[in-house]
Amino acid sequence: MSSAAEIARQTQQREIRNRWLLSAPALLIIFFAAIGPLFVVLAYSFMVKGDYGDVKFGQYSLDGWFSVFFQRDIFDDTLTLADAHLSIFWRSLKLSFFTTLLTLLLGFPTAYFIATRPRNTREIWVFLVTIPFWTNLLIRTFAMQQVIRNEGVVNSVLMWTGIIDQPLQIMFTDTAILLGMVYVYLPLMILPLYASMEKLDFRLIEAGYDLYAGRLQVLWRVIIPLVKPGVIAGSILVFIPSLGAYVIPRVLGGGKNLMLGNLIELQFGAGRNWPLGAALSITLMVIVMVALLFYVRNAARSGAQHG
Amino acid sequence: MVRRRFEIRTQPGFAFLALVTFFMLYLPIAVLVVYAFNASDSITIWGGLSLHWFRVAWNNSAVQDAAWRSLIIAVFAATFATITATMAALATTRTPPYPGLTFKYAFINQPLMVPEIVTAVALLIVFSRVKVWTGYSGLGYLIAAHTAFCIPFAYLPIRARLESMDLTLERAAADLYATPWMAFKRITLPLLRPGIIAGFMLAFVISLDDVVITEFVKSGGQDTLPTYMLGQIRRTVTPEVNAIATAFLALSVILVTAFFFINRQKN
Amino acid sequence: MPKPEEAEQKRVAVEARSIVKAFGQGSNAIRALDNVSVAIRENEFFTLLGPSGCGKTTLLRLIAGFEYPTEGAILLYGDDIAGLPPFKRPVNTVFQSYALFPHLTVSENVAFGLEMLGRSKDEIKSRVAAMLKLVHMEELGNRRTDQISGGQAQRVALARALAPGPKVLLLDEPLSALDYKLRKEMQIELKRMQSETGITFIFVTHDQEEALTMSDRIAVMSKGRILQVGSPWDIYDKPADRFVADFIGETNFLTAAVVDIANSRATVRLSSGKEIPATVAEGMQPKHEATIVVRPEHARAVKKGGQLSGTVENVVYFGTDTHIHIRLEDGSPFTVRQQNARSEFCGFEIGDPAGIEIAADAAQVLRD
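Protein chains in written order, with this note's numbering: chain A, 2 to 308; chain B, 563 to 829; chain C, 13 to 380.
Calculated directly from the structure, the hints in this document are not laboratory data. These numbers were taken from a predicted model, which means no experiment stands behind them. Be careful, since some hints might not be right.
Using C-beta positions, here's what the derived DEER-type ranges look like [what the hints assert, rightly or not]:
#1 C:Glu151 / B:Val596: 57 to 67 Å
#2 B:Trp695 / A:Val287: 52 to 62 Å
#3 A:Leu43 / B:Phe665: 11 to 21 Å
#4 C:Leu194 / B:Phe746: 29 to 39 Å
#5 A:Glu199 / B:Ser604: 43 to 53 Å
#6 C:Ser49 / B:Phe746: 32 to 42 Å
#7 B:Val596 / C:Ser161: 49 to 59 Å
#8 B:Leu729 / A:Glu199: 51 to 61 Å
#9 C:Val328 / A:Val297: 50 to 60 Å
#10 B:Ala624 / A:Met160: 29 to 39 Å
#11 B:Val596 / A:Leu87: 35 to 45 Å
We put the beta carbon where it would ideally sit given N, CA and C, even for glycine.
Sequences are here, hints too, so could you generate the full structure?
Spelled out as structure tokens, the structure:
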């Protein structure tokens, strides 16, 4: 009498095999054009650098990783910390942190504002956030450049009103990068925040007021804890691309204010130090993975709380 | 005296900050667009309204070339990404967990997790070798790279659509003598169509917008519109770049608006 | 309603043989069906009745082919179909959610099965028209499925499932989404369609009243097992065990001593010492202690006499009848249901002593 059971087992096996076959093309493309190359990067970070870029294939060395953190003096061979690299690491972390903070400060009220609109107009406000979100990053960076450059709108207005008589030099500073990143990544903060606020049960806020909480207390003790998953998601979504930013510092920061992305590019271009570039890439990826892990753990915890 | 009603839903200052944010989001875009219509030779001086720079951009063969290339890559990458993402979505939704399912999710979403610059240098390393080995240096590399990072974007709405679809409908079709293939063709595919269209459009926009990966993967003379603009921004800037950006922006807005309405229809 | 001896001669349409269906693996496995065997006869309105999670829907899905049994066989007119995919089985289903194809019109929905079977255009057209007529939907064939009401959707689902002319029609709680009045209407409609088409209906429900009013036979299920199969009055009047007696209608349970047992009749001694005759459930082992059941409407409260006595604890007026809750002398509860006559008080107040008179042949000895 096991024929039906046998058929059931076979059906299930065929089903799983079909599911693998169906997903194979996507998995293969991603393997060959996204994931696989990352392993090559890892391998390259342990190779000897070639004289004109690339690597000496098959010759291994830790120099790439070594020079992420240290530099050897050409004359007396002494070791010192690689200040240049470390300051770029520091700038990347610092700018990414402030970008996250500023987008949160602007994004939170905005998402709350949208979530409290009547249902029919809410969609339009969301739509207004989505348009910049889907606009080319380069175009938005370029747009920001036109606002903050010496002859740009900000300086023109300030000089016309007589507040300043010399244009403020914003371009090619860390401030410019920060402004650019805040501008570009703002929608990435607003959208997940809105997603969690849209689900907010306003009866809970009523209950808060009913139990003698003031406005600030309701905000701190009721609203923020309830939308915490959105806050975390938005922060991660902003922090991670900020850390790996390449276009924004290149356009707004000029040649001197490098971030990690630009430092990596430099090693594959003028620096001709591919192993170092590879090691820096892996380092960046590890930082991102740590941030993601932090997010996943938090998401799982708040999921467990609400589930 | 009438006292102001206590509004449960509002928080003081939030509306103001929100409006500031919206102003901030749109001011730079507005400036960019306005200067595209500048008649003057320089972006610093306003010389009156004109379509001059749109004409210049339109007749610039480098721009034409790059735009055409962008379009070809986006069409191919979005098509491949949508087809493979649809298949993958069918394989990973509406099923009890099976060995490898979580692995597939992680794999498909991986391009979203890794910083673009890292993927870009990784592809530079690998493709530069492959280019030497095979002697082929055509658009294939760009299309492959774009397809890979477009897949998770195409996958997202297709999967969402599938998950909201009632599995009972396919069961009902099977119950009414439809073979699995017929049930797919007559029931699943028509119902999935809005998700597939949305996925394709997302993938298309994402491919069209890409700067970093394209910049590292492209061979000489393979500029797309964004990499062409990146090169221009670093050189002397004339309102021509504004004109290109504005046209590009218009295209994005049209696509996003269409996407918005397709999504709305769905609900 | 066929008499039992006639029914015996009817062919068996669907038979489940020792079906086991386990979900999950190893020690975590849950047995949704635990060695279930049942034979459903041709042209029968057969109901699987039980609370949610009892396995009734799983059994239906096994017959439809949406699941495969872990053990056992499913026979359709003698052929084992347990391994066939659903599209090769000549049975059709009316789904609980109706599962109408939202991108097709009402007519296209009804035509779907016939199209898949490769019938000619003319045949499909006339058959669809006939089916829509059968369910009184001939006017609405061109409507989209989101333009019709729940009751109409229900009719379309029926027409769609009947259109290919299945040997057996499976109905998975098809009336549960309808409101009370519509449900009553549809119960009668379904019964009519079953007798008009002569198709075997297998109907799944958790609603005992629905089961009693519609079915030729009922299988009562609990925890993956079939507890009793029988006609509505068999199930109601002669419940085999405690679960069946409790699940269907209201019941009084009494502990009694079996004094004498012969064939399907017994004499039992109640806690009061009085002896009464009782029927015996099939499969009951002769033993001394037993549980007997008496339906509330098969007993009468009396001022004096009766086989049992106690004190009135509560009197609840229901319009058509009155429920008198009595605490017996041995401490167990007993409810009596009395028909109300106009402007007449039932005669009892809380705290009154009362006797209980059990109607002749009203007691049933349970299996357990």
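So, going through the hints one by one against the coordinates:
1. The supplied range of 57 to 67 Å is met by glutamate 151 (chain C) and valine 596 (chain B), whose beta-carbon atoms lie about 60 Å from each other.
2. Restraint check, tryptophan 695 (chain B) to valine 287 (chain A): a C-beta distance of roughly 30 Å breaks the suggested window 52 to 62 Å.
3. For leucine 43 (chain A) and phenylalanine 665 (chain B), the Cβ-Cβ distance of about 20 Å falls inside the hinted range of 11 to 21 Å, so the restraint holds.
4. In this structure the hint that leucine 194 (chain C) and phenylalanine 746 (chain B) lie 29 to 39 Å apart at CB holds, the actual value being about 35 Å.
5. At roughly 46 Å, the beta carbons of glutamate 199 (chain A) and serine 604 (chain B) sit within the given window of 43 to 53 Å.
6. Range check, serine 49 (chain C) to phenylalanine 746 (chain B): Cβ separation about 36 Å, and the 32 to 42 Å hint holds.
7. Look at valine 596 (chain B) against serine 161 (chain C): about 55 Å separates their beta carbons, and that is inside 49 to 59 Å.
8. Evaluation of the 51 to 61 Å hint for leucine 729 (chain B) and glutamate 199 (chain A) yields a failure: the beta carbon distance comes to about 27 Å.
9. Under the hint 50 to 60 Å, the C-beta atoms of valine 328 (chain C) and valine 297 (chain A), about 58 Å apart, fit the expected range.
10. A hinted range of 29 to 39 Å for the beta carbons of alanine 624 (chain B) and methionine 160 (chain A) is consistent with their spacing of about 36 Å.
11. In this structure the supplied range 35 to 45 Å holds for valine 596 (chain B) paired with leucine 87 (chain A), their Cβ-Cβ distance being about 42 Å.
Violated hints, in rising order: 2 and 8; the structure is consistent with all others.
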